[in-house]
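If you read the protein sequences in the order shown, they are chains A and B. The opening residue of the first sequence carries number 1 in our numbering; numbering runs sequentially from there. The opening residue of the second sequence carries number 252 in our numbering; numbering runs sequentially from there.
It should be emphasised that the hints constitute simulated quantities derived from the structure, not laboratory data. Glycine included, each C-beta is placed from N, C-alpha and C at the ideal position. Please note that a few of the clues may not be correct.
[What the hints assert, rightly or not] Simulated DEER-style distance windows between Cβ atoms:
#1 B:Arg305 / A:Arg54: 25 to 35 angstroms
#2 B:Glu680 / A:Arg41: 29 to 39 angstroms
#3 B:Thr471 / A:Gly177: 49 to 59 angstroms
#4 A:Arg239 / B:Pro529: 29 to 39 angstroms
#5 B:Tyr595 / A:Ala45: 52 to 62 angstroms
#6 B:Thr303 / A:His176: 16 to 26 angstroms
#7 A:Gly237 / B:Ser714: 45 to 55 angstroms
#8 A:Arg61 / B:Thr422: 36 to 46 angstroms
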Amino acid sequence: MKDAFGIPQSLLVLGGTSEIGLATARRLITRRTRTVWLAGRPSPALDAAAEELRGSGADVRTVAFDALDSEAHEEALGKVFTEGDIDMVLLAFGVLGDQARDEGDPLAAVRVAQTNYTGAVSAGLVCARALQAQGHGSLVVLSSVAGERARRSNFIYGSSKAGLDAFAQGLGDALHGTGVHVMVVRPGFVRTKMTAGLAEAPLATTPDAVAAAIELGLRRRSETVWVPGALRVVMAGLRHVPRPLFRRLPV
Amino acid sequence: MAAAPSPTAPTSPGYDTVPVTGWGRTAPTSAHLVRPRSYEETVAAVRECAVTGRRGGIARGLGRAYGDAAQNAGGAVLDMTGLDRIHAIDAAGGTVLCDAGVSLHRLMEVLLPLGWFVPVTPGTRYVTVGGAIGADIHGKNHHVHGSFSRHVEALELLTADGEVRMVERGTELFDATAGGMGLTGVILTATVRLQRVETSLMSVDTERATDLDDLMARLTATDHRYRYSVAWIDLLARGSALGRAVLTRGDHAPLDALPARARRAPLEFRPGRLPAPPAFVPEGLLGRTTVGLFNELWYRRAPRLRTGELQKLAAFFHPLDGVPHWNRVYGRGGFVQYQFVVGYGQEDALRRVVRRISERRCPSFLAVLKRFGDSDPGWLSFPMPGWTLALDIPASLPGLGAFLDELDEEVAAADGRVYLAKDSRLRPELLDAMYPRLADFRSLRARLDPAGVFRSDLSRRLSL
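The whole structure should be built from the sequences, with the hints applied where relevant.
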């Protein structure tokens, strides 16, 4: 069960090698979290992530999960929920793709969309139903500022996050009053292996900062969290910039 | 007021899925709310809990437990306030046999005109008899009269097998149920021994203590002279004023203490009510500034020493009951109650905790210190001989979770414990040290309720 501050005792991370996912798990383990499930494609990286979290004292288990294999989600995630309550699900998987290459390779672009969006739709719905049946829990969805407005430089990734963001918002409304809390997290540029080598955007942040924002959001039962918080104001402005002008902005 | 029965679940009357929280309004979870109106419906509801899924059920009274004791995510919550009959009053011997859903408020309304009072009352009258036993509540008279269960002769308990058992004092099942947070079964009725009173007024002595040591010295020296005793403590005071307090202590006023006019209706009981706060209060209304100001005024307003003041019952015992939904003043973030006890001889631990709370500048305007007397046999009963401090803090205070964890360590190291009826955040690892009979409780539950029919968010969170 979560405590009065919304901190879960058990956590399921979808995208078990995600740096933000692991930073969040590490942070929550120092609070109340004792059981962590890492869901991801079986790999040495997944095992290493589990081993590292075990070092901080949690009971860590892994489960094979592939975002692209939507048909298997029901069975893989259902198994996790039959083992006991999951107080929080962190939907942290996603790929950035390579915009320049993907524009010339439609199938690669579709893979980005399938991972980030359709994979999240099936996994999100499976988890939402399980959380609803147990009458409590938080579903935390990692969206992105890139989904807030399409940009020339990464609109394939951005459009997939836009879909995910809209899906999570709607799901949150659908689950309102059921005891299940859906929280959409919109980080800006996060310094991780996914963004290594990219030019850093203004207001860049770190996985640890995202984890801290998630903990605060859980306590406040927030519906939307921006990381850093200043992005809420920045994006509120950028959203309304006319397109001819927006096109020319160095964003 | 009562919602129409939902058409989706014809088997149970008044069947709704609703979000439920404790009085502190933190951590809502959703449950099927069942409102039984008879013993038969209660038995049927418990039998249904046993067959439908693995989420179980828990009895709930008036929802005054601060934390998650009467919540049951995804399962059933049995609202017992529909079972509220008073069956028999022995006006000569001073006992009452009533349903568990009867509130202490109702008992006072009925019993006071007969010259009887409830044996133990907490800071609110709006608790049920069942809840009073389940949490084994204590009041301002604990140092002389113990907790509520000491005054319960027997109770009827509906257990997981659907049977109703008569549970007498002195049995294992009684001791597991008193303070057992509703996890041994649903209490249906109880026979409670009452307190004889001549009037419905209190004779109250008030005095100020300038700091914590002064307060503890005064309480230690003179507490035994009073039936009721409590100290309000200013936890925002610092330096030499650390722990300054206002002591209010007293007893039921005898008839001859009343002025002539009041003697015509000495047992009158008509508590007033103020308007409730609005449903939405901005978070942070009770910050350090406002609470600091309140505490300053509250302390200054109290007389240095006043004796024999006549107060109404409600003003002495239940000042907050005059404000319906007072828990809303903390805003939607809610608040956390922290109550712990450390034994006599552990005064240093108490001093350290008070100092830390003061240094941390926790805005608490309802901090209360009192001395407990002998404990009662309830396995998970909270009171034990020693000092108990209770305070409430807005849940939105940054870093509060980690801070309270540190206080828990201090309390556990001093062989103390925190109160489960108020808890919503304790680290499960500390529970065994705080409640030495926990293993007995768990094994009795395993025997009595192997399928886990009775469950609550509290029992899941702490693996009770």
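Evaluated hints:
no., hint, result
1, B:Arg305 / A:Arg54: 25 to 35 angstroms, "28 angstroms, holds"
2, B:Glu680 / A:Arg41: 29 to 39 angstroms, "34 angstroms, holds"
3, B:Thr471 / A:Gly177: 49 to 59 angstroms, "51 angstroms, holds"
4, A:Arg239 / B:Pro529: 29 to 39 angstroms, "33 angstroms, holds"
5, B:Tyr595 / A:Ala45: 52 to 62 angstroms, "56 angstroms, holds"
6, B:Thr303 / A:His176: 16 to 26 angstroms, "24 angstroms, holds"
7, A:Gly237 / B:Ser714: 45 to 55 angstroms, "49 angstroms, holds"
8, A:Arg61 / B:Thr422: 36 to 46 angstroms, "42 angstroms, holds"
In this structure, none of the earlier numbered hints is contradicted; all agree with it.
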